[in-house]
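Student: Kindly produce the complete structure, drawing on both the sequences and the hints.
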Amino acid sequence: MAGTTITLRLTIADPVDGVAYSLQDKANMPVEPRIASADPISFDAPVTLSEDDRLTGPFVRRKGATRRFVYIAIGTSAGQHASEWSRRAKIDVHDIPADLLAQARQGEVLEVVLPGRAKDGGPACATVRPIRTWRAV
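FYI, the numbering for the sequence shown is 1 to 137, going by this note's numbering.
Among the hints, erroneous ones may be present.
Mimicking EDC-like on lysine to aspartate or glutamate, the simulated pairs with C-alpha atoms at most 16 angstroms apart in a straight line are [claimed, not checked]: (1) K63 / D95; (2) K63 / D92; (3) K119 / D14; (4) K90 / D25; (5) K90 / D44.
The following label-pair restraints were derived from C-beta to C-beta distances [as the list claims (entries may be wrong)]: (6) R135 / D17: 20 to 28 angstroms; (7) A98 / S37: 33 to 41 angstroms; (8) G64 / T5: 20 to 28 angstroms; (9) T48 / V137: 16 to 24 angstroms; (10) E84 / T4: 38 to 46 angstroms; (11) R132 / K63: 19 to 27 angstroms; (12) V31 / P115: 30 to 38 angstroms; (13) E51 / A13: 28 to 36 angstroms.
Quick caveat, the hints were computed from the structure, so don't treat them as lab data.
From the three backbone atoms N, C-alpha and C, an ideal C-beta is built for every residue, glycine too.
Tutor: Next comes the structure, spelled out in structure tokens:
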């Protein structure tokens, strides 16, 4: 059963300046790494939306029957070998509301805005909770 390709935009509001960020594929490889400035940084992840609203594709990971997430690699994980940081941010995608998924099927890009910094001042990592939840843009 073929699905529809949709775009999820992951925007980091305040990334750590000078640190590399990238999407990370299922082989744990960084995809399109970029060095952050003080400005927000965004990554567009193409994913497949099945007819029953499951998300799959080269960037979507799963844990258990329902949890789906996308990784953003940071520092050495994003290929910046001299970085002092080696982190990944896990962004849940299984909880995107059905009405937004319906908009994505019609070509709308779905965006979430994420914090860029952890309490230690370094890049936010582990499961990162949005500062602005999913919306069509």
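Student: Each hint needs a verdict: does it hold in this structure or not?
Tutor: Hint-by-hint comparison with the structure:
no.	hint	in the structure
1	K63 / D95	13 angstroms, holds
2	K63 / D92	11 angstroms, holds
3	K119 / D14	13 angstroms, holds
4	K90 / D25	12 angstroms, holds
5	K90 / D44	15 angstroms, holds
6	R135 / D17: 20 to 28 angstroms	26 angstroms, holds
7	A98 / S37: 33 to 41 angstroms	36 angstroms, holds
8	G64 / T5: 20 to 28 angstroms	24 angstroms, holds
9	T48 / V137: 16 to 24 angstroms	20 angstroms, holds
10	E84 / T4: 38 to 46 angstroms	41 angstroms, holds
11	R132 / K63: 19 to 27 angstroms	24 angstroms, holds
12	V31 / P115: 30 to 38 angstroms	22 angstroms, violated
13	E51 / A13: 28 to 36 angstroms	33 angstroms, holds
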